[in-house]
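Make a model of the complete structure from these sequences and hints.
These protein sequence lines are chains E and B, in that order. So the first sequence is numbered by my numbering: it starts at 1 and just counts up by one. So the second sequence is numbered by my numbering: it starts at 1 and just counts up by one.
The hints are simulated quantities; they were obtained by calculation from the structure and are not laboratory data. Here the structure is a predicted model, which is why all the values come from computation and not from measurement. A virtual CB, placed ideally from N, CA and C, is assigned to each residue, including glycine. Some clues are possibly wrong.
If you want the footprint, here are the derived chain E segments under chain B, 3+ residues with CB under 8 Å [stated by the list, open to error]:
#, region
1, 4-15
2, 18-28
3, 37-51
4, 93-106
5, 117-127
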Amino acid sequence: MGQLLSQFLHGSFSLLLRVFVIVVPMMVLLEVFEGSRPFRRLVRLWARLMAPLGMTEEIATPTLVGFLFGLAYGGGIIIRETRRRSMSRRQVFLMSVFLSQVHSIVEDSLVFVAVGAAALWIVGFRLAWAAAVTALVSATTAAALRRRARRRPAVDD
Amino acid sequence: MKHQPSDLPGLPDLLEPAPSFGRALRRDLPRGVRSGLATFWSLARAMVPAYGLALILEKLGVITVIAHVAQPVMSLLGLPGSAAVPLVLGYVLNIYAAVGAMSALHLSPGQITVLALAILIGHNLLVEGAVLRKAGMSGVGFGVLRALSGLLAAGVANLVMKAFS
Numbered sequence: 001m002g003q004l005l006s007q008f009l010h011g012s013f014s015l016l017l018r019v020f021v022i023v024v025p026m027m028v029l030l031e032v033f034e035g036s037r038p039f040r041r042l043v044r045l046w047a048r049l050m051a052p053l054g055m056t057e058e059i060a061t062p063t064l065v066g067f068l069f070g071l072a073y074g075g076g077i078i079i080r081e082t083r084r085r086s087m088s089r090r091q092v093f094l095m096s097v098f099l100s101q102v103h104s105i106v107e108d109s110l111v112f113v114a115v116g117a118a119a120l121w122i123v124g125f126r127l128a129w130a131a132a133v134t135a136l137v138s139a140t141t142a143a144a145l146r147r148r149a150r151r152r153p154a155v156d157d
Numbered sequence: 001m002k003h004q005p006s007d008l009p010g011l012p013d014l015l016e017p018a019p020s021f022g023r024a025l026r027r028d029l030p031r032g033v034r035s036g037l038a039t040f041w042s043l044a045r046a047m048v049p050a051y052g053l054a055l056i057l058e059k060l061g062v063i064t065v066i067a068h069v070a071q072p073v074m075s076l077l078g079l080p081g082s083a084a085v086p087l088v089l090g091y092v093l094n095i096y097a098a099v100g101a102m103s104a105l106h107l108s109p110g111q112i113t114v115l116a117l118a119i120l121i122g123h124n125l126l127v128e129g130a131v132l133r134k135a136g137m138s139g140v141g142f143g144v145l146r147a148l149s150g151l152l153a154a155g156v157a158n159l160v161m162k163a164f165s
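Structural data, given as structure tokens:
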């Protein structure tokens, strides 16, 4: 029992130390970055990267926020943006597909890097995977929408 | 359209002009540090109990039983059966609980990476499913998509890693 307790204390301490050293400084930088001009430049670059996945510029921005900061954050942005202007359901769907595969990229990845995962794989491969899944869903649903439009030409989505 | 200030606290307002990074650093550093520490505190509260739980389950032999049952599925990903414990904790709770449980197991760096991919793509399915529902999407549908896609991504990553090692 005493051995289990000492293992628990020792393990918890080293786990928290690794997470603290890696996660906290990056989170601070990310928080500052979000309010700065370089972030706005990244938004424009990001919108161009997202275009091949079928996303418009107006949905690319909340997607970037969710990608960097997390789904709860990205979700908050969607709710705000949909209140400000109407957003097509298809665009919200595409964003949800992408963000369901990858969100909160900095914090979540760092937590796993802290316990020994390979950063290149969990960031690079995951991002490529998310893009592939989104492109696949985008192409499939676009084809389905076209088929439906051919059958019922009067109905527009 | 007239610009309204952000009504959701903590969200960046993308329509307002932004300062350079240096200025933003001077202006936002205290807020950044507070937020970074708050994040750490919420991680710690999820990780430590999950780590303790996994240690106790291991001592009681429960993990051996789960590992035995999950072995056939997990071996497809090149993982030991015990890796099902952090995976399921991740699905139901969050990645911090999963990381806590993961550090109580003995996994190789490659196995940690493969398992991390499955958990990073599919996790916290109940809470994040509720967020997606708020955006008018199907929470269940996305939960299934994420769990399957995560396992598939982990399987592909495992095969690619094996091929190149």
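Going through the hints against the structure:
As drawn, the region 4-15 of chain E meets chain B at 6 residues by the rule of a beta-carbon pair under 8 Å; at three or more, the given contact holds. A stretch counts as covered by a chain when three or more of its residues have a beta carbon under 8 Å from one of that chain; for the region 18-28 of chain E and chain B the count is 7, and the coverage holds. Against chain B, the region 37-51 of chain E contributes 5 residues with a C-beta closer than 8 Å to a partner C-beta. That satisfies the three-residue criterion, and the hint holds. Restraint check on the region 93-106 of chain E versus chain B: 6 residues with Cβ-Cβ distances below 8 Å, three needed, restraint holds.
With 6 residues having a Cβ less than 8 Å from any Cβ of chain B, the region 117-127 of chain E passes the three-residue criterion, so the hint holds.
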